[in-house]
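Number of protein chains: 2
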Amino acid sequence: MDDTVLLTGAGGSVGTAILEGIGDAYDWRLLFHNPPVDEPDHPYLVGDVIDEETMAEACEGVGAIIHLAGDPRRDAPWDSVLENNIHGTKVTYQAAVDAGVDRLVFASSNHAVGHFETDRRPKLYRVEGEFTLDGTELPRPGNFYGVSKVAGETLGRYYHDEYGVDVCNIRIGNLTRNHPPVDYERGQAMWLSYRDCAHLHDCALQADYDYEIVYGISDNDRKYYSIERAKEVLGYEPRDNSAEFE
Amino acid sequence: MDDTVLLTGAGGSVGTAILEGIGDAYDWRLLFHNPPVDEPDHPYLVGDVIDEETMAEACEGVGAIIHLAGDPRRDAPWDSVLENNIHGTKVTYQAAVDAGVDRLVFASSNHAVGHFETDRRPKLYRVEGEFTLDGTELPRPGNFYGVSKVAGETLGRYYHDEYGVDVCNIRIGNLTRNHPPVDYERGQAMWLSYRDCAHLHDCALQADYDYEIVYGISDNDRKYYSIERAKEVLGYEPRDNSAEFE
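Going line by line, the protein sequences match chains A and B. When you read off a place in the first sequence, starting at 1, and then add 27, the result is the number in the working numbering. When you read off a place in the second sequence, starting at 1, and then add 27, the result is the number in the working numbering.
One thing to keep in mind: the hints can contain errors.
No distinction is drawn between identical chains; accordingly, a pair holds when it is met within one copy or between any pair of copies.
[Claimed, not checked] Pairs of lysine to aspartate or glutamate, DMTMM-like flavour, derived with a Cα cap of 25 Å:
1) 150 x 78
2) 150 x 235
3) 258 x 164
4) 150 x 66
5) 150 x 237
6) 150 x 189
The set of hints was computed from the structure by calculation and includes no laboratory data.
Put together the whole structure using the sequences plus the hints.
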């Protein structure tokens, strides 16, 4: 296997967390949507994931992809997520298959299941809450962005079944640097620290699996996303807990 | 509630089966993609479901929608299903919500779960097979058409949760007139007769539910899709069985 790892959406916060944590552990090829302000520490391209030529070039000689690129806005309009997130993920998978890439780690999102959060679960964000999602449930996206992430997971299922690509979908929680969100119970319950984010993606590059959906959060006292599957299959060992910052 | 039922994709085989069986039971408004060859028995429009103006006009004064329109080809290319099936279903849901339509019945497909059919299940299509899908499993589409149908189901989940639209996704099996497919075990196992198809859609217009995923097949001796949910929630009482034609 070629060891180069392609990181799409390298300029975003998840990409930043990954490169800060495991930047020295892989031979990266970064894909930026916009030219980076500071010179990156790794080889890079600038381009769009919906462009087939760009993605063919980006995937050449690559062993694995971490696919983060897309419109990251929670209130992104439909036309944008249809094009950038759904179509962009399809183009990325197709380029991966055409180039013989064995593995794709997909940045899914808590918004894929945002509509499980209803008024009927008042304790959801608190330690006394018991409701938990583990990734086997049918999705309930809370916005078009979430719909697009579910579609990305479904495309991964197809490309895994059809072409044998290893696929790990990480439903990323609330990623913030240094400390959890303040005065925001929901964000604390789904907090993902930068170092846990980097470690989780390291696990997703290394572990042995076929097709997975896991939740990407730290080991917070209160969580309504289970991290058991990530622990069992990926060997995820989170070190942070939002409760320690109260 | 306004009693008019909008039927999109009225010119296809599912639309034909519905109109043959329950054409007299509702005040229909038909939407054809191409001008019909024979003058329809009901008021109709010609237009495209991806056109917002067409859909706004089509949804006016409508109580429920049966949404069949889309590229029906099992080997449809990605760009077509992205536009016609995924985007078209979003436009239809949005027009429905904007017009105050209470209910949408969505023509999903067996292809949403086509990749459960693997070499590891050799008895799948036979009476001695025991593997069964019931609609609670995570989808495994077998082609881009199937991916688009899963995306349509997900859009329905979003529009139900966000706007309270009643949504019934019917994963239609192998619809053929008069008798099941010959020399095609798979098609026999998922056969849906014309009259069972019409009756099932009648049930989906009448029953009390929130968000459902059901399999749309006749009561075949061998089936790897459960019809229990359709019976329980919708009151589906199929009359046909592919085994009676052997």
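Taking the hints in turn, this is what the structure says about them:
no. : hint      : result
1   : 150 x 78  : neither (44 Å within a copy, 43 Å between copies)
2   : 150 x 235 : neither (36 Å within a copy, 29 Å between copies)
3   : 258 x 164 : both (18 Å within a copy, 23 Å between copies)
4   : 150 x 66  : neither (46 Å within a copy, 58 Å between copies)
5   : 150 x 237 : between (35 Å within a copy, 24 Å between copies)
6   : 150 x 189 : between (41 Å within a copy, 21 Å between copies)
Going through the hint list in order, the structure does not satisfy hints 1, 2 and 4.
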